[in-house]
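Asker: Chain residues, written in single-letter form:
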Amino acid sequence: MAHPKDRPGITRRQLAKGAAGAVAGAGVAAGLAACENTTTPVGADTGGPTGAAAELVVPKPTGPAGLPLPRTDNSVTWAITDENKPVKDGRSQEQGPLRVYNYADYFDPTTLKKFQKQFDTKVEVATYNSADEAIAKLSSGSVAFDVIVGLSGSNVVDLIAHKLLAPLNHSYLPNLEKNIWPELADPFYDRGSRYTVPYVVWMDGIGWRNDKVKEDVAGMDVPWDIFWKAQAYRGKVGILDDRRDALSMPMQRDAMRKGVRPDLNTEDPDVVNKAQSDLSALSPICNPKVTITDYQTLPEGKTVLHHSWSGDVLAAAFYYLPKGTKPDVLSFWRPEQNGVVQNDFLCVGRSTSRPVLAHAFLNFYLDEKNAYDNFVNFNGYTPPQKNLDAETLIKQGLIPKTLEQTIIPPDLFAANQELLQLSVEGERVWDDAWSKFKAG
Amino acid sequence: MGSRWTWRLVALPGVVWLSVFFLAAFYAVLAVAFGNQDTLSQPVPHWNPLDWNVGYVLDMLDNFTSGGPFWTVSLRTVEFVAIAVALSLLIGYPVAYFTARHAGRWKGAILLALILPLWINYLMRMLAWINLLAPDGIGSDVLHSTGIEWLFLQVGLLDEPGGWLNGQPITVILALLYGYLPFFILPLFVAIDRIDGRQLDAARDLGASPASAFFRVTLPLSMPGILAGAVLIALPMFGDYYTADLVSASTQTNMIGNQIDEFMRQGSEKVTGAALTLLLSVFLLALMFYYLRTTRRAGTTAQTT
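Residue numbers (our numbering), protein chains in the order written: chain X, 48 to 487; chain L, 24 to 328.
So here's chain X without its partners, still in its complex pose (with noise of 0.2 Å):
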């Protein structure tokens, strides 16, 4: 696997180094074989030491370490190993601390107290800012957690490839059958939810302030267009600080305008850097700021309109107006199909010591007043809960009109796409057209 920067050194030694880079990872690519939709498990240490990658069938890109990377056309099953296994049925319940890691503000305070309470356990919520820094962490060794939230699609591999995870055991998971969308209890990124269970859903959509925005977004025919006609509001618009989020956006308007269904997880460098350049453009028409705080700056004015996930332009409305703001001048748009759809993961952690009380955790999450009270009262972000509707929330009074559709129901999840995790390489050629962006 030599590598594409990697030239000879200084002492004009020819480098195996490139390769011994590889090795690095050999021992988890190991005795791989993947098919279009296998149920067969990957990702165990079951092979020789020689790689696997070339065995491999699909004409697919590999992932990190030379796993399948999973598609709706191309489902994965990971392997339950003999060195990590899920925790015995029928275990009593660990003494806590339970250690969680999580992004920021993203529970909400009053469900996690309840859950203590009802354990009668503490909770230790440790953050982190980003997925790369989160696996980072958890790769090196020097945290520990019991239960890991946040991640996605776009890191599942790395959580495998790494070993971070201990497979879950269903029978202390009830809700996960019971409340969970089926297509998201038996996702194709990890058959059977082997390691992972769904916490919430969003989109990526525009939220923008309809109080100082005059254009009808929604009515556009292509919305994602009124960024780049955005001169009237220079300096308070906003594009997600994500560098698949935001380079999908001009894929999807571009896809959007022609009519066709765009691959957003593509690893083609054309497809790429152009849409680099169209976000580039934006700077001289608009000179967007790029963040995700928007859901501070839009209740506050501080943006008007933002390229947002759905979950946080709704608790802006739940949570972060000022006082006299009433929530329905928030907006929000997402389209129908075609556009960026994600769900973050509950994950037990491998070297977690309190197996039990972390399953009981994600049980606890997955259950619908549970699940219920963390969205509306805090997070914003919509549990894949399949007694949850929009339309009920509305009728309630607790979503104003305009957020309506920062609800995700269950049909727009296959009608979109999530944003999966990439080849090694792959990954470059959005981190390089990434950078150019920024580099401004």
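Be careful, since some hints might not be right.
As the list claims (entries may be wrong) - Taking lysine to aspartate or glutamate pairs in the DMTMM-like style, the calculated list, with each CA pair at most 25 Å apart, reads: (1) Lys261/X x Asp284/L; (2) Lys370/X x Asp159/L; (3) Lys416/X x Glu451/X; (4) Lys370/X x Asp164/L; (5) Lys373/X x Asp159/L; (6) Lys259/X x Asp164/L; (7) Lys321/X x Asp82/L; (8) Lys184/X x Asp284/L; (9) Lys259/X x Glu172/L; (10) Lys160/X x Asp420/X; (11) Lys321/X x Asp85/L; (12) Lys448/X x Asp458/X; (13) Lys261/X x Asp159/L; (14) Lys259/X x Asp159/L; (15) Lys276/X x Glu183/L; (16) Lys259/X x Glu347/X; (17) Lys276/X x Asp182/L; (18) Lys448/X x Asp258/X; (19) Lys225/X x Asp414/X; (20) Lys259/X x Asp85/L; (21) Lys259/X x Glu183/L; (22) Lys276/X x Glu314/X; (23) Lys261/X x Glu183/L.
Hints are computed from structural coordinates only; laboratory data are not their basis.
Model the placement of chain L on the given structure of chain X, informed by the hints.
Answerer: Just chain L, lined up with the frame of chain X:
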């Protein structure tokens, strides 16, 4: 003999500290920048210099050539830092001069006032500015009613009234200036304070006007202080990323530190990030050597004259 060892022992903690937290850390950056990455996109440092892989660093150098993706952001960084340092001189010199020469018994109080803001964390002070400079913030109001905003609008440094936080380069420069100014004034104050008053008396006795005495005696003698202050603030400014991030977050005000942050914090290109860190360090090292040479020369000139 014994005392020589005592002094060496006294120096030991500092030497250990520097070796561990500077030299070893810096060597780690080298090993990563000249290393490779594995199939998990994690850096694989090459500790042995004979194994160094120059691919990433050469690639990064390419990025800095005219027209390369980092050309603009590097120019911007140099520009921001140069302007911020120049403004520090313009504002800081009179303050240091006044404090050293004319503050009298207020000297201590003024110095304290200079240091006092540093009791509050840099980030907190920047976050405070975000609220002050928001369209409805007090700072914005003051700038508006004093006509300063009008002035900035006239010369085109501000896009629209109240738009201080709309990704304006001037806001980033002023924030840098605000954040680092005390570090410029303090060494400068020391330099001016140390100037022997009798030299000025001599200049005046020999018929120099106050202005001429300042330009021919005080200013040259305070040069080491100016340089020290400039280096002290320029070095961290070159690596600064959170200031631009907090008061602007636009790609049009991103500095080279933001690029490093981008590579290190997210994505699959940590090695590239290390290569960039290395290049920035080399650049700063060059600046540092220039400073050391200049001050040494200034020292020898002072002795010979």
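Asker: Which of the numbered hints above does this structure break?
Answerer: Structure breaks hints 1, 20 and 22.
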